[in-house]
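So the sequences go chain by chain: D and U.
Note that full-length UniProt numbering has the first sequence beginning at 1, numbered continuously upward.
Note that full-length UniProt numbering has the second sequence beginning at 1, numbered continuously upward.
Just so you know, the hints here were simulated from the structure itself, not pulled from any lab data.
Be careful, since some hints might not be right.
Which copy is meant is left open, because identical chains are indistinguishable; a pair holds if it fits in one copy or across any two.
BS3-like cross-link-like pairs, simulated, lysine-lysine; straight-line CA separation at most 25 Å [stated by the list, open to error]:
1. Lys181 - Lys118
2. Lys205 - Lys21
3. Lys145 - Lys179
4. Lys28 - Lys205
5. Lys262 - Lys146
Predicted model only: the values in this text are computed from it and were never measured.
Number of protein chains: 2
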Amino acid sequence: MATHRFDPNFTDNVVNAMGPKTNPRFRKLMTSLIRHVHDFARENEVTVDEWMAGVQLMNWAGQMSDDKRNEGQLVCDVIGLESLVDEITFKLAEEAEDAPTATAILGPFFRADTPYRKNGDNIVKGVPDGEMAFMHGRVIDFTTKKPLVGATVEVWQAATNGLYEQQDPNQEEFNLRGKFKTDEEGRYNFYCLRPTPYPVPDDGKLLKLMDRHPFRPAHIHIIVSLFCYSMLLLSSVRVKLICVQATHDGYKPLTTQIFDSKDQYLTNDSVFAVKDSLIVDFVPREGDPQAGLELNYDVKLVPAPSNSTNDV
Amino acid sequence: MATHRFDPNFTDNVVNAMGPKTNPRFRKLMTSLIRHVHDFARENEVTVDEWMAGVQLMNWAGQMSDDKRNEGQLVCDVIGLESLVDEITFKLAEEAEDAPTATAILGPFFRADTPYRKNGDNIVKGVPDGEMAFMHGRVIDFTTKKPLVGATVEVWQAATNGLYEQQDPNQEEFNLRGKFKTDEEGRYNFYCLRPTPYPVPDDGKLLKLMDRHPFRPAHIHIIVSLFCYSMLLLSSVRVKLICVQATHDGYKPLTTQIFDSKDQYLTNDSVFAVKDSLIVDFVPREGDPQAGLELNYDVKLVPAPSNSTNDV
Chain D
1 MATHRFDPNF TDNVVNAMGP KTNPRFRKLM TSLIRHVHDF ARENEVTVDE
51 WMAGVQLMNW AGQMSDDKRN EGQLVCDVIG LESLVDEITF KLAEEAEDAP
101 TATAILGPFF RADTPYRKNG DNIVKGVPDG EMAFMHGRVI DFTTKKPLVG
151 ATVEVWQAAT NGLYEQQDPN QEEFNLRGKF KTDEEGRYNF YCLRPTPYPV
201 PDDGKLLKLM DRHPFRPAHI HIIVSLFCYS MLLLSSVRVK LICVQATHDG
251 YKPLTTQIFD SKDQYLTNDS VFAVKDSLIV DFVPREGDPQ AGLELNYDVK
301 LVPAPSNSTN DV
Chain U
1 MATHRFDPNF TDNVVNAMGP KTNPRFRKLM TSLIRHVHDF ARENEVTVDE
51 WMAGVQLMNW AGQMSDDKRN EGQLVCDVIG LESLVDEITF KLAEEAEDAP
101 TATAILGPFF RADTPYRKNG DNIVKGVPDG EMAFMHGRVI DFTTKKPLVG
151 ATVEVWQAAT NGLYEQQDPN QEEFNLRGKF KTDEEGRYNF YCLRPTPYPV
201 PDDGKLLKLM DRHPFRPAHI HIIVSLFCYS MLLLSSVRVK LICVQATHDG
251 YKPLTTQIFD SKDQYLTNDS VFAVKDSLIV DFVPREGDPQ AGLELNYDVK
301 LVPAPSNSTN DV
């Protein structure tokens, strides 16, 4: 197999160092990762200095990360990895004829501790140059089309200055975020901003080095979930990687983003997350002093099998 | 090319997002890296949760890293990447018929600020259970075999408890480290420990997950350099990735490790750094109250071309 001029046994030696107690899935992943990383190094004859520059970038990303920012995730995002993994994970659902709502990446600005608000609330404070929109819709069962009562719709978006509240000392905590519960008819609604495009942070210079723009098309992040005993566990699944047991009444949680059809960056998102089915139209709204625009958006959830587990 | 069932254009889109001002070498590296990472994700159908677990590991590694510890480097080491990159970088020199001294990885415990000591000094303080050894030898020009005067020989080693001084609050700073200058005959010498095997840190659990032991065979780290104007620049090259202009009197700096021929881990080093030519014999030393063992070790340096630059 080896067509290069380096030690032909080296990679096998590293792979075969794994012991018999290695979890089979972990062994498969590490074997493949080691082979790809070694092939990358050999094919490009990567030097010690180039490799060390990569190590420094990854260490820096970790050092920038905390409970409000995930820079390692952002590095993956700009090379398309989160969007690809999202496509892979939810491929089966997408292959269904009448597909449930498509998924999109979580992104690095999710916060697990976002508070609940009441339907009809306004999540916008102190963004005078924003266009206000009334967003509303229903959460329904993908199969039966029945409305889902008590589902959680969690949303977050950036301000018009391009910053999420945790990046911006001038925004109050949890601004432009909220969790809403669907009512007896499966309905949710709230006031938000028409989203605006913004640049992802590029302190690490990776985008500059690739001569790429950092802009994301205007979007609103959404997570919709319905567990029978605890909404908060969803946050744990997504961020802290704790196992969650979904019950017989549960649905597969959905992480997605919706994109404004008028945005100039729809075709060249810096993190490659746009899907056609997630592009939405904001339309004029009449007679509402709180908002000149309106967005109707329904979400279809897929039932989770009884006792299914989200593996880590 | 695409034999998988995912978007066949996705990876090309990510690669082609790089703009025309991207440095050609950086474009080559990123193109290859993106293709390998995407292939890895598709071939294994990596899930969002698995990917996120990887992100958390990499962020954690960065957060553990500081000017005394490089955990990102250690992650690379346990999957063999630093040793492979070392092999690649120095392949040409190794292919020479009468090879200069072979190289080995820097490892995460190098310190740029190690002080100079005098030939004949003892670098060991407070390790009563260690076997003392007198290490001595010459630094010579690989081509002319002439002794090199004023070359710097920098060494570092772990104590018998398996810890380098920066890991161990009970060792004084710079214990078991030192820089020495070769004399008029190209000679260096000092007292050190016969090295002992030790486990690399596994706080990140990567080795446990792979069911692998963490032990490194007993070794002494060595960097040998001869620049005409500043020895300190070497540290900058290796750690801070600053460009260094080597002058007409310069030699290619050598980073290596030497391994005790009696060690039980020679064939299964946890970071895959052992090379046959780097295995050395400690022999009994007579009539020296300071040391019962002796090691004679000569180093052959390769001249650096005039005005050559160590690229970042």
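Hint-by-hint comparison with the structure:
In the homo-oligomer, the alpha carbons of Lys181 and Lys118 lie at most 25 Å apart inside one protomer (8 Å), although the nearest pairing across protomers, at 74 Å, exceeds that limit. For the identical chains of this complex, Lys205 and Lys21 are inter-copy neighbours only, at 14 Å across copies versus 40 Å inside a copy, given an alpha-carbon limit of 25 Å. With identical chains, the CA atoms of Lys145 and Lys179 are at most 25 Å apart within one copy only, with a shortest distance of 23 Å there and 75 Å across copies. For the identical chains of this complex, Lys28 and Lys205 are inter-copy neighbours only, at 17 Å across copies versus 33 Å inside a copy, given an alpha-carbon limit of 25 Å.
Neither within a single protomer nor between protomers do Lys262 and Lys146 lie at most 25 Å apart by alpha-carbon distance, with minima of 32 Å and 73 Å respectively.
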